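Enquirer: Each chain is listed here by its residues.
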Amino acid sequence: MDKPKVGLYSLTSCSGDILETTNIEEDLLTVLKWIKVVDMNVAMPSTGETPDIAFVEGAVTKDEEIGFLRDLRKSVKYLIPIGTCACTGGIIARGPEERREWLSDVYKEAGEDIALRFPRPVREFIAIDFSIPGCPIDKNYFLHCLGYLLKGVLPEVPNYPVCMECKMKENECLLHYRRLPCMGPVTRGGCGARQPSFGRPCDGCFGIYDDANVEALKAILKDIGLNNDEIQKRFDLFLERGCT
Amino acid sequence: MIFLTLEKKKLSEFLDALSREFRLVVPEKKGEKTYTFSHYSSFNKVALEFLRTILPPKKFFFLPKESLFNIGNDFNINSCSIDNADYILFGLHPCDLHGIDILDRAFSYKGRDSFYWQRREKIGIIGFSCLPDKYCLCKSMRTDFIESVYDIFLYTLDNVYMVTVRTALGDDMVRLKPELFKECTEMDIAEYKERIKIRDSKFIRIIDITNLAELLTLEYKSEIWEEYSKKCLFCGSCVMVCPTCQCFDVYDSTDMISEYSIRWRRWDTCMRKDYALVAGGHNFREGRAERFRFRYLHKEIGFGDEHGKPSCTGCGRCSETCPAGIDMTEVVRRIRE
Numbered sequence: 001m002d003k004p005k006v007g008l009y010s011l012t013s014c015s016g017d018i019l020e021t022t023n024i025e026e027d028l029l030t031v032l033k034w035i036k037v038v039d040m041n042v043a044m045p046s047t048g049e050t051p052d053i054a055f056v057e058g059a060v061t062k063d064e065e066i067g068f069l070r071d072l073r074k075s076v077k078y079l080i081p082i083g084t085c086a087c088t089g090g091i092i093a094r095g096p097e098e099r100r101e102w103l104s105d106v107y108k109e110a111g112e113d114i115a116l117r118f119p120r121p122v123r124e125f126i127a128i129d130f131s132i133p134g135c136p137i138d139k140n141y142f143l144h145c146l147g148y149l150l151k152g153v154l155p156e157v158p159n160y161p162v163c164m165e166c167k168m169k170e171n172e173c174l175l176h177y178r179r180l181p182c183m184g185p186v187t188r189g190g191c192g193a194r195q196p197s198f199g200r201p202c203d204g205c206f207g208i209y210d211d212a213n214v215e216a217l218k219a220i221l222k223d224i225g226l227n228n229d230e231i232q233k234r235f236d237l238f239l240e241r242g243c244t
Numbered sequence: 001m002i003f004l005t006l007e008k009k010k011l012s013e014f015l016d017a018l019s020r021e022f023r024l025v026v027p028e029k030k031g032e033k034t035y036t037f038s039h040y041s042s043f044n045k046v047a048l049e050f051l052r053t054i055l056p057p058k059k060f061f062f063l064p065k066e067s068l069f070n071i072g073n074d075f076n077i078n079s080c081s082i083d084n085a086d087y088i089l090f091g092l093h094p095c096d097l098h099g100i101d102i103l104d105r106a107f108s109y110k111g112r113d114s115f116y117w118q119r120r121e122k123i124g125i126i127g128f129s130c131l132p133d134k135y136c137l138c139k140s141m142r143t144d145f146i147e148s149v150y151d152i153f154l155y156t157l158d159n160v161y162m163v164t165v166r167t168a169l170g171d172d173m174v175r176l177k178p179e180l181f182k183e184c185t186e187m188d189i190a191e192y193k194e195r196i197k198i199r200d201s202k203f204i205r206i207i208d209i210t211n212l213a214e215l216l217t218l219e220y221k222s223e224i225w226e227e228y229s230k231k232c233l234f235c236g237s238c239v240m241v242c243p244t245c246q247c248f249d250v251y252d253s254t255d256m257i258s259e260y261s262i263r264w265r266r267w268d269t270c271m272r273k274d275y276a277l278v279a280g281g282h283n284f285r286e287g288r289a290e291r292f293r294f295r296y297l298h299k300e301i302g303f304g305d306e307h308g309k310p311s312c313t314g315c316g317r318c319s320e321t322c323p324a325g326i327d328m329t330e331v332v333r334r335i336r337e
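Protein chains in written order, with my numbering: chain E, 1 to 244; chain Z, 1 to 337.
Only chain E is shown next, with the shape it has when bound in the complex:
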C-alpha cells in the first residue's frame, strides 16, 4: 500500500509552524516511514503530487490564497489549519482601524501600495476538519494529531485551560504568586503550559477555550494593577478573536 501523502502549505505567515514540524528531528525518520511528504516549501521542492492530508499555516490575505484553498479542499481528504494565524487570523489580524497607519509607519511610502485583505482564518473560506492552534504549534501535539489521521480518526481538541497542565507540572502560579498577567485561565490547553514552565506568563496563543470565564480573569488582571487598556491589549494579542 502506498504511504499516505502529506502536504504542508503556507499562506501569509512567518512559516513558524511548518518550521516547528521540522524540529521533530530525532523522530523524523520514523515519521517518514509512515507518510510521504509531497509539499513543504521550507524543506523541499514540491513533488507535484496531490496530498491526502493537507496542513495549512498562515492567514488569508490575498485573493489567490482563497482560490488555492478551494482547490486544495476539493482534492484532499483532510484539511487542517495549523498555527494561530490559520486558526484565528493570528497576530497579524490586529487593529482593523489602526492598520493603515501602522503600514505607513513601518513601510513609509511603500506602505500605501500594500493592498492586502484584512487577515482572516482559513475556516472562513473553506470547510476544515479540525485545527491545531498555537504560535507556534506544539510539535508533539502535531504528531499526536497526525497519528490519529493516519488511522482515519479525528483527534479530540483539548478543551481545558492551560492552568490544568501548569498545575500538573507543579509550576508556581505566575498570576497568583507573582502577579503577572497570565492568560492561562482562559486559554485552551494542549501546549503543556509552555510559557509558564519557563516563568513567562501565557499569552493565549491557543485561543480561548470553550468555557473560559473571561470576565473573571479581567477582574483579576485589574486587581493586579493593569488598566483597561493594558487588559484589552492582553486579549487583543490572540484571544479576543475567538478560538479554533
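Read the hints as simulated data drawn from the structure, not as lab findings.
Just to be clear, a hint being listed does not mean it is correct.
With a Cα cut of at most 16 Å, we get these calculated EDC-like pairs of lysine to aspartate or glutamate [claimed, not checked]:
no., chain 1, residue 1, chain 2, residue 2
1, Z, K29, E, E172
2, Z, K231, E, D211
3, Z, K231, E, D223
4, Z, K273, E, D210
5, Z, K177, Z, E7
6, Z, K30, E, E172
7, Z, K45, Z, E32
8, Z, K230, E, D211
9, Z, K45, Z, D16
10, E, K77, E, D52
11, E, K3, E, D52
12, Z, K33, E, E172
13, E, K218, E, E230
14, Z, K273, E, D211
15, E, K169, Z, E66
16, E, K33, Z, D255
17, Z, K221, Z, E290
18, E, K151, Z, D252
19, E, K151, Z, E259
20, E, K33, Z, E259
21, Z, K8, Z, E183
22, E, K36, E, D2
23, Z, K59, Z, D101
24, Z, K230, E, E215
25, E, K151, Z, D255
26, E, K139, Z, D255
27, Z, K309, Z, D104
28, E, K62, E, E124
These numbers were taken from a predicted model, which means no experiment stands behind them.
Go by the hints and put chain Z onto chain E.
Expert: Just chain Z, lined up with the frame of chain E:
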C-alpha cells in the same frame, strides 16, 4: 507503636541513611513562595519550614498522567510496567496523611484500582508535625491527628523530634541508624503535651462543620453558588492541588514513533464543562453555578455518604492556590449564615 527521640541535628544523618536505601522524597522550595515534594539531593535543600506543597503527595501514586496499557500492531494488549515506585515520602503533615487515607478508601471502594495500588503499596511514609497558618483548617475538619497511614511520625520538640514508629517498615527505617534514636524521657512526654496545646491555640480560622452536609443540601438553590461562579475561573487549580480529588479522564493516543496505541488516564476536574457531558450531548452540569456547587457537595456529602466523613482534609491548598481568591472557609461560613 513505639516512641523514640531523635536529636534535631541528627536528622540529616537519618535522611542520608534513608536515601542510601530508598528513593527518598522530601519537601523542597520550588518558587518564591511555594514548595514541592522532590527527590532528596542534600539535607540543606530540605525545607523543614514548609506548610504545604503545590501538589499533594498523591502525585506519587495517582499520577497526573499515566499509561494504563498499550496495543501494538499485533493487536495484543500489553500492560504498562510501572517504574520504580518504592518511595519513602518524608515530611507529610497530618492533613496530607488524611488525604492519603481518603484516596485509599476511594481507590478500594467496590474493587481495588490496581494502577493506584501497585504504586501506593510500595510507598513508605514519614509524617511530620507543623504549626498552622491562616489557611489551615485541619482542626476544624478533625484531621489534625492521625493514627494510621504513616510508618513513622516526627513531632518537633525543642531539641529533639519525638518519633512514633507504627509499622514494620518504620522499624526498618529506624534500624538503619539505631544509634541515632533514644528512649523517650518524661520530659519529652511533658513537652509533647505542651506542644499540642500550643498548636491548638495557633489556629487562625476555625469553621464549624457540624451538620454541614445538611446545610449544603438545604442551600442547594442558594444565590451564593451563582455569585461565586461569576468570580471562579473554572481553571481547575483547586482540583489539581486537592489531596483527595481523584477524578480522571481516559483517552487514547496513537503514537507513530513507538508504533503503539496507548490508553492514558489523566487528572480531570468536575469544574470543567465537558466533565459531565455524556454521549448524545446531554450535560448533567452545564451551568457554572452547578459545577461550582458540585465540588462542595461532593466533598461534604457525596464522599461522606459512602465513607462516613467528608473528603476535605483542611490542608488549605485550594484557598491558598485560587487565583481568583476564593476561600473555601468563606463559602462555608456564608452557607451557615
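Enquirer: Checked against the structure, which of the hints given earlier come out wrong?
Expert: The structure breaks none of the hints.
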